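Protein sequence lines, in the order shown, are assigned to chains A and B. Be aware that the first sequence starts at 380, since it is given in the working numbering, and climbs by one per residue. Be aware that the second sequence starts at 5, since it is given in the working numbering, and climbs by one per residue.
No wet-lab data here; the hints were simulated from the structure. Keep in mind it's a predicted model, so treat the numbers as computed, not measured. Please note that a few of the clues may not be correct.
[Said to hold, decoys possible] Simulated restraints on C-beta separations:
#, chain 1, residue 1, chain 2, residue 2, range
1, B, G165, A, T492, 36 to 46 Å
2, B, S111, A, A675, 44 to 54 Å
3, A, R697, B, P284, 46 to 56 Å
4, B, G83, A, R544, 51 to 61 Å
5, A, E638, B, P284, 32 to 42 Å
6, A, K600, B, A278, 16 to 26 Å
7, B, K202, A, P677, 17 to 27 Å
8, B, G164, A, R570, 39 to 49 Å
9, B, E138, A, E669, 23 to 33 Å
10, A, G388, B, K99, 40 to 50 Å
11, A, P540, B, D113, 45 to 55 Å
12, B, K99, A, E669, 47 to 57 Å
[As the list claims (entries may be wrong)] Which bits of chain A does chain B cover? Going by a derived footprint, with three or more residues having C-beta under 8 Å, they are:
#, stretch
13, 401-408
14, 588-599
15, 609-616
16, 664-673
Beta carbons: idealized from backbone N, C-alpha and C, even for Gly.
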Amino acid sequence: MAELLSVRGLSVDFVTDGGVAQVLDGISLDVGYGEVVGLVGESGCGKTTLARAILGILPTGPARIRGGVVRFKGEDLLRQDPAVVNDRVRGRAITFIPQDPSTSFSPVFPVETQIMDLMKWKSPRAASGGGPRAAWSRYPRERHRADRDAVLETLRAVQIPEPARALRRLPHEFSGGQRQRLMIAMALLPRPDLIIADEPTTSLDVTIQAQILRLLRELVKERGVSVLFTTHDLGTAYEICDRVVVMYAGQEMEAAPAEAFFGRPAHPYTRRLLASVPTGSGELRDIPGEVPSLVAPPSGCRFHPRCDDATPECRAGRPALRVLARDHEVRCHHPVDGSGA
Amino acid sequence: MSVSPTPLLELVDLARYFPVRNAFGRRTGWIRAVDGVSLAVWPGETLGLVGESGCGKSTLGKTVMGIHPPTAGDIRFAGREIGRLPARERRAIAKNLQYVYQDPGASLDPRWKIVHSLHEPLKIHTRLSRAEREEQVRAILAAVGLPGAHLDLYPHELSGGQQRRVGLARILTLRPRMVILDEPTSGLDVSVQASVLKLFRSLQEAFALTYVFISHDLAVVRAMCSRIAVMYLGRIVELGETAAVFEGPRHPYTRSLLAAVPRIGGRRVTLDFALEGEPPNPRDVPSGCRFRTRCPLVQDVCVAEEPTLREVEGRRVACHFA
């Protein structure tokens with residue numbers, strides 16, 4: 380299958396006071412057409428940096444791209460003219476759902492102003508290209524009307540009651556769940572090929588989370604949009620993802636279809652992570668040790684200092700990605716046999 | 005859990021309202037954050053307090069702690085009413101009743117060495133000599149799993165997890181009998197969460213602590229608590245043994261709440277999760293049963309009459325149809 384998004388060997392460094400941190404170290408990741416891919420890992424593993432690198436919004440001061448390719452619909456976004464990426468890709472072909480919807484809206488403008496401002500530049504009807512456009516350039520009345528209809532329809536699709544009245548309200552008049560619905564609507568409106576959702580349900584209660592996940596899954600399947608869904612919550616990933624990639628300390632450790640990932644995890648880190656989710660039995664299993672410093676990462680496999688099965692081989696060399704089954708890859712010298720045991 | 009004759013903490017019809025004022029400072033209504041809660045916490049147990057944001061679970065914890073004075077009702081700690089004590093007498097209770105915020109490490113003074121932070125509560129609340137304090141502090145530090153050498157460090161020299169341990173040590177130096185844990189693991193990664201929960205368990209055993217565990221994370225509550233109380237809009241809707249409540253929830257709200265939790269390996273909850281809408285504004289509580297606006301079982305009686313918390317098969321449920 381041709382991939383929509385294909386990241387190959389992406390390495391990103393951050394220059395910090397304490398030295399150069401290798402935040403992403405040779406990451407590879409694919410997102411197919413219409414596929415929901417979960418990117419899971421603990422805080423600091425680099426999942427947000429990866430999402431930002433794909434969107435081309437790394438903080439320009441400290442971040443340095445050391446190497447790699449981000450291929451989206453056949454073109455390398457890292458080597459493309461930034462103005463072209465800004466015009467055609469970011470906010471149009473690839474949109475973004477942030478973690479915290481309350482800080483993503485301006486508190487002083489009604490929702491309508493903010494959504495129509497997005498539509499002015501990024502609606503599917505807005506022509507791309509055409510040189511620099513000033514903020515005061517005209518919004519043609521015909522297009523405004525058509526775009527506003529599309530906004531109302533999309534608000535209905537994300538189940539905002541009375542969309543026309545809702546548009547007149549200020550962001551604080553909506554609950555957290557409603558604001559996240561507005562964010563999903565805004566991510567869908569430019570008719571993207573890919574939505575990058577960065578922990579979109581982390582700040583919500585479980586009942587609201589279940590509603591939002593269901594809505595998101597239905598909408599993306601209906602519209603054939605691909606989603607890259609970052610989360611630290613494995614339960615959420617289980618709910619929504621077709622395929623899961625787990626990251627640790629800036630490297631991808633395992634990538635597998637959801638069923639194999641949760642049913643037959645092969646990487647010791649994946650297994651420990653899944654085991655640390657509390658279950659009904661009341662048994663608690665943590666992962667001893669702490670996430671390593673990225674300024675001086677461990678030699679070889681970055682997980683070896685915390686791994687029960689580490690051998691001298693693990694300290695010596697970084698394991699290559701190994702294919703266990705179709706679509707099931709693992710970066711480990713001693714993957715656990717997938718057949719059980 | 006051994007049942008002793010008197011509960012360590014007993015709440016009787018506890019209420020805490022917050023006034024809503026308009027631009028001229030005139031009161032236009034009340035937010036009934038906690039509205040008639042009665043429960044008992046027995047020595048040595050862990051009572052879970054769960055519910056969605058805005059249900060009043062943190063307000064309940066803070067009212068018990070004395071951070072908010074109660075609007076009505078009694079708080080009895082070890083048999084004594086403490087809700088209306090004068091400040092001086094209330095302070096004496098603080099030694100036995102401690103509160104842990106989401107990130108206990110964040111409450112450390114950045115300009116104080118750890119040793120200073122750990123001695124402070126003992127200076128305020130006890131008459132121990134310096135040497136006795138030092139001994140106590142070292143014992144606590146070892147109990148939370150930190151080396152004695154850390155005493156001479158400043159908070160910024162510790163990792164986030166270690167700061168958290170110091171924050172807990174600071175609370176435990178007074179040897180409290182009861183600790184209220186308010187969302188102690190939210191925002192943590194699962195692997196770190198597991199070690200923090202393990203620490204809570206070992207401390208409970210070592211210091212014979214009684215916990216009130218406030219959390220919105222049902223999986224964590226299930227792993228930690230012997231009994232749970234489910235709150236909705238300022239009231240307890242279901243209260244019982246954790247295992248029994250998780251296996252057979254009686255209140256429709258508890259049922260929906262449990263159904264919303266993703267279970268790895270189980271059926272995807274997004275396939276058939278049914279609870280629509282969001283909790284109503286606590287300023288505008290529905291008449292009758294507070295859950296009726298979202299309840300799948302709603303009948304006329306639910307609009308007319310508020311169900312009381314009544315005994316149903318060994319637990320208490322506030323529903324006409326339980």
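Hint by hint, which ones does the structure fall short of?
Going through the list in order, the structure violates hints 2, 10, 12 and 13 and respects the others.
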